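S.K.: In the order they appear, the protein sequences are chains F and L. Heads up, this note's numbering is the position in the first sequence plus 4, with the first residue counted as 1. Heads up, this note's numbering is the position in the second sequence plus 4, with the first residue counted as 1.
None of these hints come from the bench; they were simulated from the model. Values in this document were obtained by computation on a predicted structure and should not be read as measured data. A portion of the hints provided could be inaccurate.
Since the list gives no way to pick out one identical chain from another, each pair is judged satisfied if it fits inside one copy or across any two copies.
Claimed, not checked - Taking lysine-lysine and the DSSO-like style, the derived pairs with C-alpha atoms no more than 30 Å apart in a straight line are:
hint : residue 1 : residue 2
1    : LYS260    : LYS118
2    : LYS278    : LYS232
3    : LYS92     : LYS232
4    : LYS91     : LYS133
5    : LYS250    : LYS41
6    : LYS17     : LYS92
7    : LYS280    : LYS43
8    : LYS250    : LYS162
9    : LYS98     : LYS278
10   : LYS250    : LYS118
11   : LYS307    : LYS133
12   : LYS91     : LYS56
13   : LYS133    : LYS43
14   : LYS232    : LYS59
15   : LYS17     : LYS91
16   : LYS278    : LYS127
There are 2 protein chains.
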Amino acid sequence: MINKLIKKIEDSKAPIVVGLDPMLDFIPNHILERAYKDKGENLEGVGEAIWKYNKGIVDATYDLIPAVKPQVAMYEQFGIEGLIAYKKTIDYCKDKGLIVIGDVKRGDIGSTSKAYATGHLGKVVIGGKEYRGFDEDFITVNPYLGSDGIKPFIDVCKEENKGLFILVKTSNPSSGEFQDQQIGDRPLYELVGEKVAQWGELHMGDNYSYIGAVVGATYPEMGKVLRKLMPKTYILVPGYGAQGGKGEDLVHFFNKDGLGAIINSSRGIIAAYKQKEYEKYGPAAYADASRQAVIDMREDLKKALTSL
Amino acid sequence: MINKLIKKIEDSKAPIVVGLDPMLDFIPNHILERAYKDKGENLEGVGEAIWKYNKGIVDATYDLIPAVKPQVAMYEQFGIEGLIAYKKTIDYCKDKGLIVIGDVKRGDIGSTSKAYATGHLGKVVIGGKEYRGFDEDFITVNPYLGSDGIKPFIDVCKEENKGLFILVKTSNPSSGEFQDQQIGDRPLYELVGEKVAQWGELHMGDNYSYIGAVVGATYPEMGKVLRKLMPKTYILVPGYGAQGGKGEDLVHFFNKDGLGAIINSSRGIIAAYKQKEYEKYGPAAYADASRQAVIDMREDLKKALTSL
């Protein structure tokens with residue numbers, strides 16, 4: 005799957021993943037009203053609205069981008085009905101040829117991680133038939149529990165030809181509270197990065213590992229160090245746009261081959277029509293605004309990457 | 005909610021939480037077959053079987069115990085249908101007067117943690133009406149992202165009178181890989197424990213905080229240190245039984261008042277009928293075996309706690 009992701013990044017010339025993180029107040033009124041009319045003004049109606057909103061964005065951008073990253077929390081907040089919209093979104097994006105990175109940040113002790121891996125990347129067999137729970141292509145995982153919490157995810161990735169992005173240094177302001185703590189002569193996130201690189205070397209695609217890392221765009225200097233520490237690791241970089249990361253900050257997340265990183269933007273793309281720059285589109289053309297925001301992000305990154 | 009949990013622990017004289025972590029091979033054949041007949045031999049049938057299996061255990065034990073802890077991964081592995089069983093289990097346990105600790109180990113950047121907190125502890129308002137996603141009483145959360153990833157959970161707990169158990173030192177063999185790393189003169193888990201104690205002091209029930217901690221039974225010496233470091237923190241202790249923790253190891257997780265800890269057992273109770281000690285019950289009386297296992301665990305803990 006990492007080879008497929010890289011091929012799609014090269015073909016699209018856009019190392020971009022669109023974060024499908026729907027908030028209720030991003031959804032234009034005409035979509036909400038229609039969904040409430042069809043399914044009721046309740047959780048089911050909201051689920052329908054989320055799905056239709058996502059579909060509009062995917063239809064308007066799938067030819068420009070290699071991948072999407074739905075953040076499961078934004079669906080989980082609406083309970084079962086939200087998760088049904090999550091699953092519909094995954095299936096539709098895969099039908100459109102997109103790679104789906106489920107941003108689930110799961111992680112637990114071995115036997116429990118195995119269950120998460122089964123539900124998100126693997127399959128169960130019932131009465132001799134195979135069934136799949138959510139069936140993302142990649143998921144994000146949390147390393148706090150150590151190797152035996154990660155191994156079951158890796159095992160399922162190997163079996164299913166899928167992949168992971170393991171949290172190394174997150175994009176939020178207080179990520180340093182634990183992640184930056186000095187252990188001997190280096191911070192915890194470097195130790196985690198080193199582990200990710202070790203796990204990755206044993207699980208390689210052609211040139212990069214299918215065990216990737218998450219490193220926030222908001223910490224470019226740390227990204228530079230981690231890039232060198234994990235040369236064969238693909239880095240998923242959140243924090244571009246709304247969280248403050250800029251194209252020029254991102255250059256050091258890439259390798260000299262122009263690969264090695266994929267940049268996520270969520271609000272900046274899916275709620276583009278709410279920003280000054282794209283407000284002329286208005287709510288009715290929210291998906292066109294998203295398309296333009298993808299094109300602008302692609303150009304921003306292209307410009308930044310000429311310095312490689 | 006922490007006051008209610010403590011009251012129930014005192015009344016039941018059983019600082020026990022039953023881990024409702026159903027695996028397909030725990031479920032007796034008569035339940036599986038009936039569920040497949042009713043709902044089909046597919047994910048829906050499995051969801052039905054899980055729910056019926058859980059119901060049997062809850063019916064047989066709810067008068068003995070204060071709380072249950074369903075591990076969401078065991079449901080999530082079956083996708084939407086599994087999560088429907090998770091929600092049914094939560095609702096039924098609450099109807100039976102049990103406190104429900106959702107073992108979800110969520111945690112993300114601020115805005116995303118807020119969405120998780122909404123889905124598991126809080127509510128959304130649609131068309132002026134309130135709806136709740138999963139509605140557990142407590143959930144477990146992962147601290148790797150730092151304060152701003154925890155704060156939204158605390159805010160919702162405060163608003164909704166609910167609570168958290170934050171991972172400090174987990175029960176698995178490789179938990180030390182990152183958690184035991186020395187930062188200056190102490191390990192990372194102590195630093196996290198200190199933070200949990202600080203957060204907790206600002207969010208108190210009568211005698212204990214509603215911001216609790218998770219510390220594995222498999223590390224009793226560390227539990228002893230953490231108990232002193234977090235005197236007002238309730239500690240959720242997994243790892244009893246199947247993972248190797250024994251009653252005598254657990255005494256130092258408690259305070260002198262006999263409170264301060266609640267011990268989880270999952271397989272040891274819910275799949276008791278599969279163990280040598282309880283095999284005489286057989287699959288048909290699996291729930292009676294669970295009841296006996298709860299009684300035996302209560303006695304084991306009572307004996308251990310006499311030394312307090």
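S.K.: If a hint holds in the structure, say so; if it doesn't, say that too.
M.R.: The hints, checked one at a time:
no.: 1; hint: LYS260 with LYS118; result: neither (36 Å within a copy, 38 Å between copies)
no.: 2; hint: LYS278 with LYS232; result: neither (38 Å within a copy, 51 Å between copies)
no.: 3; hint: LYS92 with LYS232; result: neither (38 Å within a copy, 48 Å between copies)
no.: 4; hint: LYS91 with LYS133; result: both (20 Å within a copy, 25 Å between copies)
no.: 5; hint: LYS250 with LYS41; result: neither (41 Å within a copy, 57 Å between copies)
no.: 6; hint: LYS17 with LYS92; result: within (27 Å within a copy, 47 Å between copies)
no.: 7; hint: LYS280 with LYS43; result: neither (33 Å within a copy, 52 Å between copies)
no.: 8; hint: LYS250 with LYS162; result: neither (34 Å within a copy, 36 Å between copies)
no.: 9; hint: LYS98 with LYS278; result: within (27 Å within a copy, 41 Å between copies)
no.: 10; hint: LYS250 with LYS118; result: between (37 Å within a copy, 25 Å between copies)
no.: 11; hint: LYS307 with LYS133; result: neither (50 Å within a copy, 48 Å between copies)
no.: 12; hint: LYS91 with LYS56; result: both (13 Å within a copy, 25 Å between copies)
no.: 13; hint: LYS133 with LYS43; result: between (32 Å within a copy, 16 Å between copies)
no.: 14; hint: LYS232 with LYS59; result: neither (38 Å within a copy, 53 Å between copies)
no.: 15; hint: LYS17 with LYS91; result: within (28 Å within a copy, 43 Å between copies)
no.: 16; hint: LYS278 with LYS127; result: between (39 Å within a copy, 25 Å between copies)
The structure fails to meet hints 1, 2, 3, 5, 7, 8, 11 and 14 from the earlier list, while all remaining hints are met.
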